[in-house]
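Peer 1: Please model the complete structure; the sequences and the hints are all you need to start from.
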Amino acid sequence: MKAFRIYILMILSVYASSLSAQDNKEIDSLIGSANTFLFKNPQKTIDIGKDILKKKNLEPSYKISSYILISNGYSGLNDFQKSIEFALKANELSEQTKDNANQIRTLGLIGNQYIRIEMRDEAWQYLDKADKLSQTVSLPESKKYLIGNINLLKGFLYKRSLDCGYAIKHFNKAIAEFKKNKDNGFAVANLGQAYNQKAYCYLSINKDSAQVSFENGLADARKNGAKSLECNALIGLSEIKHARKDFTTSNETLLSALPLSKETQQIEMESRIYKLLAENFIELNDFENHLKYQKLFDSAQSKFVLEDVKSVNELLKKRNEFKQRIDETEQRKYTIIICALLGVFILSSLILAYFLVRKSKKINKIVSNKIS
Amino acid sequence: MKLILVLFLAFCSLIKAQNSRDAETLFLESKDLLYKKPSESGVIAEFLFKNSSDDDNKLKALFLVTESSLLRGDYNTAIEKLFQCIELSKKSNRPDNEFQINYLLARLCNELGIKLSQLYLIRNEKEIEQNYYEKAIKSYSNSDWNQTIKNLKLFQKQKIKYATELSNFYYALSYANLGKLDSAKYFIKKIEQYPSYYFYAKAKIQSLKTESDKNIDYLEFLKPIDKNVQDIWLKDEIYKLELQKFKLKDREKYREFYQLQTPLQDSLSSVKENARISFLSKINQQQDEVLKSKSEQEKRITYWIATAILLLFVIAYFINRRLNHKQKNHEKATEEAKEREKFIAENKVPESAGKIVIPDKTIGFLLEKLEKFEADEDFLDSDISLNLLAENLNTNTKYLSEIINTYKNKNFHSYINELRINYIINKLKNNPVYLKYKVSHLAEEAGFSSHSLFSTVFKQVTGHSPASFIKIIKSELDESI
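Which chain is which? The protein sequence lines are A and B, in order.
Just so you know, this note's numbering puts 68 at position 68 of the first sequence, and the rest follows in order with no gaps.
Just remember that this note's numbering sits 1000 ahead of the position in the second sequence, which is counted from 1.
Hint data in this document are derived by calculation from the structure and do not stem from the laboratory.
Keep in mind the model is a prediction, meaning the values are calculated, not measured.
Beta carbons: idealized from backbone N, C-alpha and C, even for Gly.
Watch out, some of these pointers could steer you wrong.
[Claimed, not checked] Below, a list of computed lysine-lysine pairs in the DSSO-like style, where the Cα atoms sit at most 27 Å apart:
hint : chain 1 : residue 1 : chain 2 : residue 2
1    : B       : Lys1245   : B       : Lys1180
2    : A       : Lys318    : B       : Lys1272
3    : A       : Lys317    : B       : Lys1292
4    : B       : Lys1138   : A       : Lys317
5    : B       : Lys1138   : A       : Lys303
6    : A       : Lys361    : B       : Lys1326
7    : A       : Lys359    : B       : Lys1338
8    : B       : Lys1090   : A       : Lys317
9    : A       : Lys303    : B       : Lys1272
10   : A       : Lys310    : B       : Lys1282
11   : B       : Lys1332   : A       : Lys362
12   : B       : Lys1326   : A       : Lys362
13   : A       : Lys365    : B       : Lys1326
14   : A       : Lys245    : B       : Lys1247
15   : A       : Lys361    : B       : Lys1332
16   : A       : Lys129    : B       : Lys1282
17   : A       : Lys318    : B       : Lys1115
18   : A       : Lys292    : B       : Lys1240
19   : A       : Lys54     : A       : Lys25
20   : A       : Lys89     : B       : Lys1292
21   : A       : Lys303    : B       : Lys1247
22   : A       : Lys82     : B       : Lys1282
23   : A       : Lys292    : B       : Lys1253
24   : B       : Lys1245   : A       : Lys292
25   : A       : Lys318    : B       : Lys1135
26   : A       : Lys333    : B       : Lys1292
27   : B       : Lys1249   : A       : Lys295
28   : A       : Lys310    : B       : Lys1126
[Claimed, not checked] Coverage of chain A stretches by chain B, computed from C-beta distances (three or more under 8 Å per stretch; other residues unrestricted):
hint : segment
29   : 325-335
30   : 359-367
Peer 2: So, in structure tokens, the structure goes:
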């Protein structure tokens, strides 16, 4: 069983709509354009977000939206610390203004960032908070997909902890919530993801359920033109066919998935396709094709391993930088406190010593005068 | 074999033969089995770990468990045990243990594709990098044969006892790949006691020989070990060797081995993926612990300094109090001395005083006034002085002084003091409440400015100190009752 890494990152919480009564068309259009830049030029998104923040008498809802935009921008630049920093700001403000939807959105955003740098304890903390909140408050139908996001992330975390039972429960919840918002682009995009993730969980437990889920995911991905998700679902389906010894159909599915993986530059999927093709062809006694795809697999796999190692190390580096910065701030804080306290100690001991010595000398002098 | 081993271990635990010699024998056996039968070696080491009370022995056993898990591709156990090693080694802090930990960490990182620099806060990258054996393995996996040999030679110079067993294996394979078959053969002989590695190396060298020498089927060498190899890396290498051979000759056989290799690789990559996740979260936890203990230490320092400041002020307060006390005592003593001097001086009758003639009428008048002064108890006024009294009696100090000297036979101060003391004696005798009063209160009531002056005068007049006088009266009273 091979599950591909999840790419829900930024799809999650981009949409930062304003709930403001006062219609501010200028800011709305700025937010809209910032959203479009998110995938192409995250720096631009950050700049726009910061520009909006500079405006005077900005309503809290717009402030929250700007913080979320900036957080997403930094997320796109893989600057997790900055992303979390701004998400926390947005979270704080939404908590103050009792903006439940944005509170859940930002908690999910923070949890997502922590998942990306493999700080799972922290991720759990924020996602659990979001989950609890989503159960106590009632969100409008149009915002229900946010609950879906939280469940998708939680399911994903459970899956990573090899606890597929719980993972499936959360994926089901996520799917149910996403289905309520069929018009929302983000809900729809994540729906396919939830189907696929659920299917991968089922792959080793129940092939029939896995197939149903993959087919749902495939239909959803095709409807929305999400090619990476479509490819993912196709590989999953071919894997089931391979397990059922239906090698020819499995190959057909794989060959239809191959161009998608190339198009979306998903080397991990491409490598998996080659491997499955090689395995299928040897079963079909097509030795030439087997050798061909085995060779392609070998080169794609080594490329993927290199890329994978690089990205994991890059992520770890970011996490270490994150910790280093926290450590440094902490260190600076303590250095200042310790220095200040030491200063107080030295200064007060000097002053006290001076006055006490003076006083004692004075008294001694009087006493000795008297004696003499 | 496993059954025998389990029985043996059960026997061991039954008779509790845990003296150090038995443990040492078991340890050596486990070490010897590591590259022959890693899982058996791991079982013995685990047993040793559980039954050893000494931290150092526990650590040695854990190293073996970790290495055996690494060889078998059980990375999750390896991670768990390795972090246990790190925890245990904190107590002993011996350099050879640290070296072994660094070696195992480096191997784990290499296997899971994690750079050593990522062990931020846990280990110093430079410390880990010092192990040339690990570097040699890395160079070997990168097919850099010359570098492998170079690293192995550097490793030999380090004279480290650990992980030396397989260096000859890597020497042999690297030389073989470089075409130096004689050197390869020389090193192969040294690893005869590790059959899996020995036969694989022989097969590999045979496979590398030029076409003319290829009359011997190198797969023949693999027959003795075939399915008994536990080292997961070696297993994969053997499959590769076999697939390489059958690819050209026997497709059926090729398929057979391909179907063996595929699940092995699949499970290995999924095990590695999961191990990586748990390794990363383990690193995360450790880093957080380090940061936490660091900040706790700083917090402790802060508290210490704050306490020191508080202590400083407390000490200063007490020193100040002592100084004040000293000053007060000194001032009191000075004052008393002054009064005593004054009293003595005033009690002296001026010798040079000449006789003054005072009209009889005035004498009579003043004596009458003095009687009234005594009757009115005006002498109790603490401010009374010769001047003040003369003024009150409408006369001058000379007349007054002369009359007191002549008719009362004493100077002014003795006159007033005696009146005061007699007043108090009278009160003490007639009013028992006064017996309960403090001396200082009596002095005050009599108009004396200080307790000590009162005592001095009292003693002069009565021959007793006020306290003993009170005692006498009390005892008289008790007798009369």
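Peer 1: All hints are to be evaluated individually against the structure, with a verdict given for each.
Peer 2: Here is how each hint holds up against the structure:
1. A threshold of 27 Å between alpha carbons decides the hint, and for lysine 1245/B with lysine 1180/B the separation of about 22 Å falls inside it, so the pair holds.
2. Under the criterion of a C-alpha separation no larger than 27 Å, the hint pairing lysine 318/A with lysine 1272/B is consistent with the structure, at around 22 Å.
3. Distance check on the hinted pair: lysine 317/A and lysine 1292/B sit about 20 Å apart at the alpha-carbon level, within 27 Å; holds.
4. For the hint pairing lysine 1138/B with lysine 317/A, the CA-to-CA distance comes to about 22 Å; that is within 27 Å, so the pair holds.
5. Of the supplied pair hints, the one linking lysine 1138/B and lysine 303/A holds, its CA atoms being roughly 18 Å apart against a limit of 27 Å.
6. Our distance criterion of 27 Å between C-alpha atoms is met by lysine 361/A and lysine 1326/B, whose separation comes to about 12 Å.
7. A distance of roughly 24 Å separates the Cα atoms of lysine 359/A and lysine 1338/B; the hinted pair therefore holds under the 27 Å criterion.
8. The straight-line distance between the Cα atoms of lysine 1090/B and lysine 317/A is roughly 26 Å, inside the 27 Å bound, and the hint therefore holds.
9. Between lysine 303/A and lysine 1272/B the CA atoms are separated by roughly 17 Å; this keeps the pair inside 27 Å, and the hint holds.
10. Distance check on the hinted pair: lysine 310/A and lysine 1282/B sit about 20 Å apart at the alpha-carbon level, within 27 Å; holds.
11. Note on lysine 1332/B and lysine 362/A: the hinted pairing holds, with a Cα-Cα distance of about 17 Å set against a maximum of 27 Å.
12. For a cut-off of 27 Å, the pair hint linking lysine 1326/B to lysine 362/A stands: about 11 Å separates their Cα positions.
13. For a cut-off of 27 Å, the pair hint linking lysine 365/A to lysine 1326/B stands: about 12 Å separates their Cα positions.
14. A C-alpha spacing of about 23 Å is found between lysine 245/A and lysine 1247/B, which places the hinted pair at or below 27 Å, so the restraint holds.
15. Restraint check for lysine 361/A and lysine 1332/B: satisfied, since their Cα atoms lie roughly 19 Å apart, inside the 27 Å limit.
16. For the hint pairing lysine 129/A with lysine 1282/B, the CA-to-CA distance comes to about 23 Å; that is within 27 Å, so the pair holds.
17. Between the alpha carbons of lysine 318/A and lysine 1115/B the distance comes to roughly 13 Å, so the proposed pair stays at or under 27 Å and holds.
18. Proposed proximity of lysine 292/A and lysine 1240/B is supported: the alpha carbons are some 17 Å apart, at most 27 Å.
19. Distance check on the hinted pair: lysine 54/A and lysine 25/A sit about 17 Å apart at the alpha-carbon level, within 27 Å; holds.
20. Using a Cα cut-off of 27 Å, the hinted pair lysine 89/A and lysine 1292/B holds, with the two alpha carbons roughly 24 Å apart.
21. For the suggested pair lysine 303/A and lysine 1247/B, the alpha carbons sit about 24 Å apart, so the restraint of at most 27 Å is met.
22. Simply put, lysine 82/A and lysine 1282/B have alpha-carbon atoms about 24 Å apart, close enough for the 27 Å limit, and the pair holds.
23. Taking the CA atoms of lysine 292/A and lysine 1253/B, the gap is near 18 Å; set against the 27 Å cutoff, the hint holds.
24. This hinted pair checks out: lysine 1245/B and lysine 292/A have alpha carbons roughly 17 Å apart, not beyond 27 Å.
25. Our distance criterion of 27 Å between C-alpha atoms is met by lysine 318/A and lysine 1135/B, whose separation comes to about 26 Å.
26. At most 27 Å may separate the alpha-carbon atoms for a hinted pair to count; lysine 333/A and lysine 1292/B meet this at roughly 14 Å.
27. At roughly 18 Å between alpha-carbon atoms, lysine 1249/B and lysine 295/A fall within 27 Å of each other, so this suggested pair holds.
28. The suggested pairing of lysine 310/A with lysine 1126/B holds, with an alpha-carbon distance near 20 Å, which does not exceed 27 Å.
29. Residues of the segment 325-335 of chain A lying with their CB closer than 8 Å to a CB of chain B number 5, which satisfies the three-residue condition for coverage.
30. Counting residues of the segment 359-367 of chain A whose CB lies closer than 8 Å to any CB of chain B gives 5, which reaches the minimum of 3, so the coverage claim holds.
Every hint, counting from the list given before, is met by this structure.
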